[in-house]
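Trainee: Sequence:
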Amino acid sequence: MRKRSARKFLLRNSFPQHANPMGTLHGGVLCDLADAAMGMAFATTLAPDESFTTTALAINFFRPVWKARLRAEAHVINRGKNVGYVECEVTDQDGKRVAKANSTCFVLRGVQAKQR
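Here the sequence shown is numbered in the numbering used here, starting from 71 and rising by one per residue.
There may be inaccurate statements among the hints.
[As the list claims (entries may be wrong)] Label pairs and their in silico Cβ distance ranges:
| id | residue 1 | residue 2 | range |
| --- | --- | --- | --- |
| 1 | Gln182 | Met92 | 34 to 44 Å |
| 2 | Arg179 | Asn148 | 32 to 42 Å |
| 3 | His145 | His96 | 17 to 27 Å |
[Unchecked claim] Lysine to aspartate or glutamate pairs mimicking EDC-like chemistry, simulated, CA-CA at most 16 Å apart:
| id | residue 1 | residue 2 |
| --- | --- | --- |
| 4 | Lys184 | Asp102 |
| 5 | Lys166 | Glu143 |
| 6 | Lys151 | Asp102 |
| 7 | Lys170 | Asp119 |
| 8 | Lys184 | Glu143 |
| 9 | Lys137 | Glu120 |
| 10 | Lys137 | Asp162 |
| 11 | Lys137 | Asp119 |
| 12 | Lys151 | Asp162 |
| 13 | Lys137 | Glu157 |
| 14 | Lys151 | Glu120 |
Calculated directly from the structure, the hints in this document are not laboratory data.
All C-beta atoms, glycine included, are put in the ideal place defined by N, C-alpha and C.
Work the whole structure out from these sequences, hints included.
Mentor: Below, the structure written as structure tokens:
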């Protein structure tokens with residue numbers, strides 16, 4: 071098992087096409103950003119013959135976003151033999167917390183890992 075680490079992912083700008091009907095950034099965009107950061111963080115713990123799949127994903131939104139530079143920072147909190155838990159905080163350009171997400175990842179090996 072490789073060393074656990076954090077991974078940062080940056081979305082430089084939010085665009086009008088990412089807005090929901092209220093004009094704020096669609097929650098799905100924030101969820102996708104957090105999911106990508108958490109996936110990259112968890113991937114750093116995998117051995118060369120391993121892969122993974124997400125089995126659960128949750129996100130809480132703390133403030134609306136209209137136009138912002140967003141930063142998602144994910145940390146692997148726990149990496150067991152088969153299951154891992156990752157958390158991610160999304161902040162705006164002023165460092166204000168926009169959302170917090172978590173995911174549970176299941177490690178795949180053998181044929182399952184090769185099919186991914």
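Trainee: Now, for every hint given, state plainly whether the structure supports it.
Mentor: Structure-based check of all given hints:
Between Gln182 and Met92 the CB atoms are about 41 Å apart, so this pair conforms to the stated range of 34 to 44 Å. A C-beta distance of roughly 18 Å is found between Arg179 and Asn148, which places it outside the suggested range of 32 to 42 Å. Distance hint check: the CB atoms of His145 and His96 are about 25 Å apart, consistent with the given range 17 to 27 Å. Restraint check for Lys184 and Asp102: the C-alpha separation of about 24 Å exceeds 16 Å, so the hint is violated.
Taking the CA atoms of Lys166 and Glu143, the gap is about 13 Å. The hint holds against a cut of 16 Å. With a C-alpha separation of about 26 Å, the suggested pairing of Lys151 with Asp102 is violated against the 16 Å cut-off. Annotation: proposed proximity of Lys170 to Asp119 is violated, straight-line Cα distance about 30 Å (limit 16 Å). The straight-line distance between the Cα atoms of Lys184 and Glu143 is roughly 28 Å, outside the 16 Å bound, and the hint therefore fails.
Pair hint Lys137 plus Glu120 does not hold up; C-alpha atoms about 38 Å apart against a cutoff of 16 Å. As the CA atoms of Lys137 and Asp162 are separated by approximately 9 Å, the hinted pair is consistent with the 16 Å bound. For a cut-off of 16 Å, the pair hint linking Lys137 to Asp119 is broken: about 41 Å separates their Cα positions. A C-alpha spacing of about 34 Å is found between Lys151 and Asp162, which places the hinted pair above 16 Å, so the restraint is violated.
A threshold of 16 Å between alpha carbons decides the hint, and for Lys137 with Glu157 the separation of about 24 Å lies outside it, so the pair is violated. Our distance criterion of 16 Å between C-alpha atoms is met by Lys151 and Glu120, whose separation comes to about 11 Å.
When each numbered hint is compared with the structure, violations occur for hints 2, 4, 6, 7, 8, 9, 11, 12, 13.
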